[in-house]
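Enquirer: From first to last, the protein sequence lines are chains A and B. Residue numbers for the first sequence, in the numbering used here: 801 to 876. Residue numbers for the second sequence, in the numbering used here: 8 to 144.
Take these hints with a grain of salt, some might be off.
Said to hold, decoys possible - Partner residues are not named here, just some residues of chain B that face chain A (Cβ under 8 Å, in silico):
id	residue
1	Ala56
2	Leu107
3	Ile110
Treat the hints as calculated values from the structure; they're not laboratory data. Cβ atoms here follow ideal geometry from the backbone N, Cα and C, with glycine treated the same way.
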Amino acid sequence: MAIQKQYYRRKKVCKFCVERIDNINYKDVKLLSQFVPERAKIMPRRISGVCTPHQRLLSDAIKKARNIALLPFATE
Amino acid sequence: MRNYEIMFIVSPEATEEDIDKINGQIEGVITAGGGKAEKIEKLGKRRLAYIVKKFREGAYVLFTLQGDGAIIREVERRLRVMDLVFKYLTVNMDGAMKRLDKIKAHRQKRAAHRSRARNEGSERRQPAPAAEQMPEE
Numbered sequence: 801m802a803i804q805k806q807y808y809r810r811k812k813v814c815k816f817c818v819e820r821i822d823n824i825n826y827k828d829v830k831l832l833s834q835f836v837p838e839r840a841k842i843m844p845r846r847i848s849g850v851c852t853p854h855q856r857l858l859s860d861a862i863k864k865a866r867n868i869a870l871l872p873f874a875t876e
Numbered sequence: 008m009r010n011y012e013i014m015f016i017v018s019p020e021a022t023e024e025d026i027d028k029i030n031g032q033i034e035g036v037i038t039a040g041g042g043k044a045e046k047i048e049k050l051g052k053r054r055l056a057y058i059v060k061k062f063r064e065g066a067y068v069l070f071t072l073q074g075d076g077a078i079i080r081e082v083e084r085r086l087r088v089m090d091l092v093f094k095y096l097t098v099n100m101d102g103a104m105k106r107l108d109k110i111k112a113h114r115q116k117r118a119a120h121r122s123r124a125r126n127e128g129s130e131r132r133q134p135a136p137a138a139e140q141m142p143e144e
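Build out the structure end to end from the sequences listed, making use of the hints.
Expert: This is how it looks when you write it as structure tokens:
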């Protein structure tokens, strides 16, 4: 009989839904940098728990911020 | 007329007067084309996230304006020509503004609904859901 691994995994919630952050702006580096880990990639939804509509807005904002050198494309 | 934001980076070697001069020129272009520069913000020197033209720093300027495509084209052309300007980014803000208004209206409607329900009968009130659903885009 296989031993079932039982983990308790906390349900991830979308930060933007919970904190009611409506405006995901490319200028808000402090907010966006929470979703760009060390390698400067965009954090996937499965890790951050952000919902689909907000992830879409978030990734757009991060890409705009990269264009104007507020966020890095890659770490040096 | 659309609402735009233009952000650009000026060389860190540029003096305050240089930046003012650039801002004056851009504003002139906007008003000449029949648009309106609503806000001009000098965001000051910031460290760049990556090296641009061998510089690690840059002075950021943000324009909020109303205008049409012809104005934007002219402003971008001017910015490209200027040696002191490293980079620029134009963003059309209409979509984001519309979205924000929609969410705001949605919130107000919900709040009104909730307060009405409270006045009618408080004993049958249910706990509010933890996370609010986003309205469909």
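Enquirer: Determine for every hint whether it applies to the structure shown.
Expert: Structure-based check of all given hints:
1. Evaluation of the Ala56 (chain B) hint against chain A yields a held restraint, the C-beta minimum of about 4 Å falling below 8 Å.
2. This hint holds: Leu107 (chain B) has a C-beta 6 Å from the nearest C-beta of chain A, less than the 8 Å allowed.
3. For Ile110 (chain B), the suggested interface contact is upheld, since its CB lies about 5 Å from the closest CB of chain A, less than 8 Å.
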